[in-house]
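Going line by line, the protein sequences match chains W and D. At position 443 of the first sequence the residue is numbered 443 (full-length UniProt numbering), and the sequence of numbers has no breaks. At position 247 of the second sequence the residue is numbered 247 (full-length UniProt numbering), and the sequence of numbers has no breaks.
Check before you lean on any hint, since a few could be wrong.
Copies of the same chain look alike in the list, so a pair counts if it fits in one copy or across any two.
Straight line, CA to CA, 25 Å or less: simulated DSS-like cross-link-like pairs of lysine-lysine [unchecked claim]: (1) K172 <-> K39; (2) K332 <-> K448; (3) K573 <-> K228; (4) K74 <-> K509.
These are calculated hints, taken from the structure and not from any lab test.
There are 2 protein chains.
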Amino acid sequence: MANRNLYLNNTPVKEALDIYKKALKDLVKMQYEEIPVEKSLGRITKEAVYARCSSPLFNAAAMDGIAVITEKTKGASERTPLILEKNQDFIVVDTGDPVNYPYDAVIMAEDVIEIDERTVKILEAATAWQHVRPIGEDIVSGEMLLPSMHKIRPIDIGVLFSGGIINIMVVKQPKAAIFPTGTEIIEPTKTPEAGEIIESNSRMFEAMVTSYGGLADRFPPTPDDYNKIKTAVSEALDSYDMVIINAGSSAGTEDFTVHILRELGEVLVHGVAIKPGKPVILAVAKGKPVIGLPGYPVSAYIDFENFVKPVLALLTGETYGDSNVAEAVLSKRMISSLKHKEYVRVKVGQVGDKLVASPLARGAGAAMSLVRADGFCVIDQNCEGIEAGETVRVELYRSLQEIRHTVVCIGSHDLLLDLAADLMAFHYPGVYLSSTHIGSMGGLMALKRGEAHIVPVHLLDEASGKYNIPYIKRMFEEPMALIKGVKRIQGLIVQKGNPLNLKGIADLKQCRFVNRQRGAGTRVLFDYKLKQAGMDPSEITGYDREAATHMAVAALVAGNSADAAMGIFAAAKAMQLDFIEVGQEEYDFAVPVKYLELPEIQAFIEVLKSSELHTRLADAGGYQFEEAGDIYFIDEKFQA
Amino acid sequence: MANRNLYLNNTPVKEALDIYKKALKDLVKMQYEEIPVEKSLGRITKEAVYARCSSPLFNAAAMDGIAVITEKTKGASERTPLILEKNQDFIVVDTGDPVNYPYDAVIMAEDVIEIDERTVKILEAATAWQHVRPIGEDIVSGEMLLPSMHKIRPIDIGVLFSGGIINIMVVKQPKAAIFPTGTEIIEPTKTPEAGEIIESNSRMFEAMVTSYGGLADRFPPTPDDYNKIKTAVSEALDSYDMVIINAGSSAGTEDFTVHILRELGEVLVHGVAIKPGKPVILAVAKGKPVIGLPGYPVSAYIDFENFVKPVLALLTGETYGDSNVAEAVLSKRMISSLKHKEYVRVKVGQVGDKLVASPLARGAGAAMSLVRADGFCVIDQNCEGIEAGETVRVELYRSLQEIRHTVVCIGSHDLLLDLAADLMAFHYPGVYLSSTHIGSMGGLMALKRGEAHIVPVHLLDEASGKYNIPYIKRMFEEPMALIKGVKRIQGLIVQKGNPLNLKGIADLKQCRFVNRQRGAGTRVLFDYKLKQAGMDPSEITGYDREAATHMAVAALVAGNSADAAMGIFAAAKAMQLDFIEVGQEEYDFAVPVKYLELPEIQAFIEVLKSSELHTRLADAGGYQFEEAGDIYFIDEKFQA
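Start from the sequences, fold in the hints, and give me the full structure.
Below is the structure:
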């Protein structure tokens, strides 16, 4: 193919970072500035700060009462009270008032008997310096208040002022210029047309730079034009501390970044053994770091964390701390390659005593998997994969505390789960519902392995014609219950206006179908209906094409990438498609009896029963929810 | 005493908060506002956010290459290559380009052999939908992107834009008005005179409100004038969501706050069973929360955390997460009272496998103890105290990671420790030196109990006339080493110009002395010198008055609260006092051999040897540092 530079290196992550840091060592220097203390929250001190004055500045009364001369109180007792004269033997002091020579002690107001305006009686002698805060008790003039490279907290601001400091030298926040590039990208304010992509990465980078202590300027999108990009980057290098270019970092026909950077400076690394995130460029131009990040959002995010963040650290003086690492049991085998270090997004849940990590979608384009993830499981380059049940290290970005208060829900997907998660967040702050969608059967297997609290299921038992309970009875020996969910209509999701005039399963031979994944309740129902109609899967074009949720299959139909799919009414309605009813099914939650009393599960049951949820389900359409939240104990002997 | 309202209640903490929350329940409501997504980092969503469009919006090439029609590639193999014609059998696509009907698969550029401008050769058939990202793979239109009450992260901003969202409803940041009051307080820009106090609490509150997600307006200090304060607070209640008044929250002659708030609204709680922090006021006026906080900085901080933060949570929608709690062994007995819940600031260090908590100064005025602390140990109201060696729960505000990389140094104080801590922070980011000052002997006892890594000591053995090593030999059985520190001059710190004309120890009978605490090396030296001079402690006025550091005793002399103290030259110099040399001593570090190879200890030794430290010591004066960082193994048999 013409104009392609196919060659991308595969430098190991650590080596790439070492090369880059070495190149930046003498170029990248922290800058400093003096700012008012009241504006210094979260900033990093340049140097040690020493107190300019003591606190307290004088010997001060630590109580409301009277300041006395210890000598003159000697001998006072209940039997031999002493009378003291104002402004001669004592003065009245409030907390914080100075206690000056000859006064050397304070008697609390509670222990003083007032006789008249000028005289008081005391029943006990004072000991020297009682209830007096000595000068410098808190801060001694000249003492070090804060060390270098210290991140300023609210309490630090308090002591800086108390120590007489009003301005402070701090590390200047580095300024990063962010350039979104690409002819196909458009600003979010414009409605996208086919072939156009809403530019969102640069706004994510902007927020990342900000949260790591830098300042970010995001430039408007530049089309894939060699000279325009070169000029813009070159100009930015004169006034910014670093430049981020996105995307064009790979080796395609329109990937200019690497050529531009070779012209403007030196490219130290192009291509790293990391997945996702291989096509990254680490360069230096005009003495400043320039990093080219790939276009896929997950790749861009992971490369930012691995390569931009360490460069920001050199400029901000922040240490960012190590990641929050926990050990978890892996719920599903992960295969990787010796070609790269791989970052797999995982959901993490605590079930019983066990922390469980469940891998999410691994595609570089799956930004929502980052939103849904609780952390990363990192597979080293020298590792070919990890087996289910093995213990893995997870870099968490949710706190363990939150994870412990989360209902782990693994199984079949329904809109109900999103709505319930939302209502839980709103009505039970600090309690969460986390759901992973691997189909009814996959969920029950996960529950058997102790990796979930509840499993949303809609499994039709062909023999009895009953839903869910027969499967749970067969699969579990421990006491189980069923939390009733909803009845919902399943059917064929078809193009708006039903142009192929499909009437039911029998008509599917003439069209492009998209199926749900193996183990999904909807697929079980579809297979059952196929059998009833006397049809064979081989007669359906697209029977093997799989998508993981109702919304995903509906989207494929809406995008005219398929003519029909099996799914729920609500998904068809959400995508403004037509719907042909095939049958009604029961969507419930399998739960071990031992989890029923957990406060998190109780919150979930309350949400299922709430009229707020019912209203939202009625809006979506296709649901019956009279029984939602009812509990059936699967076997009589376990009933309460 | 006149005009005092001595009565302060002692409501238990939980009860006080429950009373207050109940009163605020129907008054305090979150407000909402719509803001652009790019400004939403760290804000809390009002409601669930649903995608307005799918991502990708179309079936898109996942690789650079050619889009083909699967049907037309059937049969291609190495033996039977197929020739494809441009714009008929294939089109060229870059990653992200649309793949529209009739095209239904992409072949990677690497697998395509170019023949000429219009034709290519392929050696393998394509499978349907290979290297195609289906429409909605990442985000399906109508799908829930974020739930309610979700704190927006950088990745969320990315998916919001990808999902077609450009504005978002978030919780409005509550506005707090902060009123510093008091006739004695001055702005930090003014140089304080005796009796005046630099106002610093309000700036700390301002930073706390900010870091908890609110907006703060700090008003200039108001003198203790009933009507002025009342008018200012009343006006603020019209435009702010809450008001904080500091101080005047107690029951002294000039503590107006409670009266003002009774007039403006209702005081629900005045006085809580918490230490420090008893004099707190929880009130409601004009339907808004008003909180009166005490003047001592530590009390104010603890009351803010216990009472202001929960009110802010009602307005911000933040959960703030639970505190970072760890279990540690207590190094020193703590006595408390059944009268209150007590917050004791602690240093926390990891020594071997053990996390150790060492209590710091407990005074309400000791703001520096908050700066130095790693967390709080909370003693419940129903507990009279905790014995040394017991396990306690510590609410940490430094990360465990940082604590694990900290050299725990317990013993005698010297300026050297502050300078070394500063240089470590600067040259070894992520490694820290934490020092607690309890004197040489106290330090050695802590080391014996396994609560420190190194102990700064300067203990004169009267029998041999040698420093340090005899003590270590006597006290330890395990292999020990001595890291050499400095030789330093000890002497009498006296008033500038030496007005009492003191010449040495013998002259101390005529003046007010201040001593160092029991177990301090300086006190051992002082006692030794007293004995040499044939004097008895009872002859010295102030022998029993103790302060914990060289700087603290120097400050007392500088404040004319004492005439003389024993200490080091550097402290006298820092406070611009006169100094009468008494002798030279050796200030070194005792360390178990097993800790010598820890990277943190190695960093400390490097710092001791550094010319930067030596320069700073020379500036301070009174030090010899030729041997600093040298290591002596205490017993020959342990020598390397």
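Going down the list of hints, with the structure as the test:
1. K172 <-> K39: Answer is both: 13 Å inside a copy and 22 Å across each meet the 25 Å cutoff.
2. K332 <-> K448: Within. Shortest intra-copy distance 13 Å satisfies the 25 Å Cα cut-off; inter-copy 48 Å does not.
3. K573 <-> K228: neither (45 Å within a copy, 63 Å between copies)
4. K74 <-> K509: between (110 Å within a copy, 22 Å between copies)
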